[in-house]
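Protein chains in written order, with my numbering: chain E, 1 to 450; chain Y, 1001 to 1450.
Hints in this document: simulated from the structure, not taken from any laboratory.
All figures in this text were calculated on a predicted structure; none of them were measured in a lab.
Keep in mind that a hint or two might mislead.
A few chain Y positions that, by computed beta-carbon distances, are all more than 12 Å from chain E [as the list claims (entries may be wrong)]: (1) Arg1055; (2) Asp1138; (3) Ser1272; (4) Gly1316.
What follows is a list of derived Cβ distance ranges for each label pair [unchecked claim]: (5) E:Pro35 x Y:Asp1338: 33 to 43 Å; (6) Y:Gly1291 x E:Thr388: 17 to 27 Å; (7) E:Asp338 x Y:Arg1201: 51 to 61 Å.
Every residue, glycine too, gets a C-beta built ideally from N, C-alpha and C.
There are 2 protein chains.
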Amino acid sequence: MRLVVVGGVAAGTKAASRARRVDPEAEITVYQEEPEPSISECGLPYFLSGTVAERENLIARTPEDFAGKDIEVLVRHRVEELDPENRRLSVRNLATGERFEDRYDRLVIATGARAILPPIPGADLDGVFRLRFLTDADGILEHVREYSPKKAVVIGGGYIGLEVAENLHRLGMEVSLVEAADRVALAYGSEVAKKVEAHLREKGVAVHTGAKVEEFTGDGRVRGVRFGDRGLEADLVVVGVGVKPSVELAREAGAEIGKTGAIRVDRRMQTSLTDVWAAGDCVETVNLASGEPTWVPLGDTANQMGRVAGTNAALGSGAETALEFPGVLGSGVFKVFDLGVGKAGLSEREAEMAGFEVTSAGIETASKAGYYPGAGRVFIKLICDSETGRLLGAEAAGDGADKLVDVCATAIWGRLSCPDLVNIDLAYAPPYGPALSPVIQAATVLSGRL
Amino acid sequence: MRLVVVGGVAAGTKAASRARRVDPEAEITVYQEEPEPSISECGLPYFLSGTVAERENLIARTPEDFAGKDIEVLVRHRVEELDPENRRLSVRNLATGERFEDRYDRLVIATGARAILPPIPGADLDGVFRLRFLTDADGILEHVREYSPKKAVVIGGGYIGLEVAENLHRLGMEVSLVEAADRVALAYGSEVAKKVEAHLREKGVAVHTGAKVEEFTGDGRVRGVRFGDRGLEADLVVVGVGVKPSVELAREAGAEIGKTGAIRVDRRMQTSLTDVWAAGDCVETVNLASGEPTWVPLGDTANQMGRVAGTNAALGSGAETALEFPGVLGSGVFKVFDLGVGKAGLSEREAEMAGFEVTSAGIETASKAGYYPGAGRVFIKLICDSETGRLLGAEAAGDGADKLVDVCATAIWGRLSCPDLVNIDLAYAPPYGPALSPVIQAATVLSGRL
């Protein structure tokens, strides 16, 4: 059985590795466009500042590592066409320009997502970057070495923009963050967004919201960013306004595309094409909090999806022991300077858009026993369905936010209600939290409002 | 309506405060034996070393604070007798020795637990202490100031013993930990116990297991500890071998005592006596992982129970809006030097004793993305019911153990199975964990064994 995997980052390499474990006899080839497979893309912002010092540390496994598991990984190879009728592929070797044909018995599509570069005049100037691949980071670092930029502008106030802003600031640059919407961290409620903005300013990052960039100015190299009648000097620009799923290969082959624009798959990660599975940032899944289709391009989810797709591809279509991927909660966390911020499930606005009548409660409290040294503060907001009390979402910002978010993600996963959380038995000791977890405190306040 | 609360630490003061909110008109009196109410007992070990510098910081609220909420708190008052037929109490003013009668309409018993001092010869020597109340800590610190002890022996390898050992070590003493069982941290599996012992030794604490203390030697003041044919020099001994519920008042009044030796209550925290509720370290509850009666004297649980008991006492027996306390999971966490250790639900042994056939998996993994600076290691073990896959327990030791334990506690609370946890959507970013949470990694390994 010949299994071909298109894409070799998180989902693709996980699928290949799992398939190898399930079927030791299969012939497995992974095609990867970028020069390295198995890149830890989430680490890229930290590589810019040298927080992650070694480039190699971001490469989880090399083609040689995969060869040791009898998995062929061909980098700098782009799959350009897919003929699902005849189970054939056209592949371009990007190093030589040569194009060749390949065949498969089963296929996993893990083509990922790519960073959006909006059609803004000047976007092709030297010094305007995106940050999606390790090669993007290489480009930014080369620019930094060559021109020692002093003023950086980061476009986009989502988690990538925020992480990049922090890491460029660590390099000693004067950093401005420019966001078209009226606030940063749009996936969150306004309370969290305000905390993030205040923290950025406290750290010396200028924040411009409601600022839609109209032009990058320069003379070959970028010199500035213009929005409305304002302008900022810039000798380095990083655009982090979002990503979109890379679905062209699948779409042209006739695979069904979901309403989010990503590839539609069933719970077994199988596409509408025979013997073709898909996983990772190119596929659509369901948000288990809202029950609606969603597209959440994140490394951990890609990993989990890749495991399911790879196992099932190796087992073959219709296998009784096939795994299922149930969906996601949209859980996420990021660090910006000293502030941890995370969410699970739906924000208040997302819950309302999904048709829920919601009740919410946000509290700010000590992150440890008040008398214990180093106790910080943390904000937590819970969002629940007013009718049933079911927890729909949670967001947190501050000391230990990541822990609170994971507790809430687990509660949503278990379909617990806010009243269920009032008496939940979490583990307490003074160095780790206040006597009653902020989750319990917020659930108690919220339950009083139901 | 006159509400009397017997006991003024976590459960008692919480019950009184909740009752006040529910019924602004009630007359509320709290009797407390020790000289201060509302003590954060979990902070006592840290007060010994000065990690918590100010004594006042351990007093969450003073009698004056309670007076401001129209709650009368009488410290140094012991309730010596309870006559539930006539709703009367005999109270001793410990300051004056005077005894007087009081009456109640409704009563909350929150008499707590006290530290066990086994009948070991020499236990009455100067320099042999327990650590349960703030006054015990005062006594230890006075002994330290007066005699500058160099060699401390801590008896008992549970979390109190471990925390005391660390904090005496911080004071510069040579510390030995002596445990009668064959390992410390008995509530945990042997993997965690070994890690704790290794960490203690690494930090310079001598650990003696299988060492049943037979005598404290000395000449008025303690000079040594003898077990078997071995002996240790000691000029300070702290005995932390456990606590037992203070149920004499309730028992003598005819309240039903559960099989754990603590007061039996229903889900509304009502005792078998009319209009008498009970909460905190003196009551028995149910372990929701095993379904069996359990007694878990912990501050956070006491707080939650106190909230339920206080609310219900204020509402009166049979109220439709009465709250319920469902039970506990035996969740706990402690820090010993640089090692965090925690558990939720049942250990493997506890699960087997509760009649389950269990499957378990323990893994050791990175606590953050491997390339992120400061990534540590953490061990996690999951225990589940072989038949249904339901998660019954989890324990963790290492970096971020507290977070993993709380995630698992929530999963047990939601009656999730190990296979449910394989695809759970937890929040990932490199500074906060590896791409797949250790919980997910362990659940994946365990699910493969089911």
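Any hints this thing doesn't respect? Which numbers, in order?
Violated hints (numbers, rising): 1, 7; every other hint is consistent with the structure.
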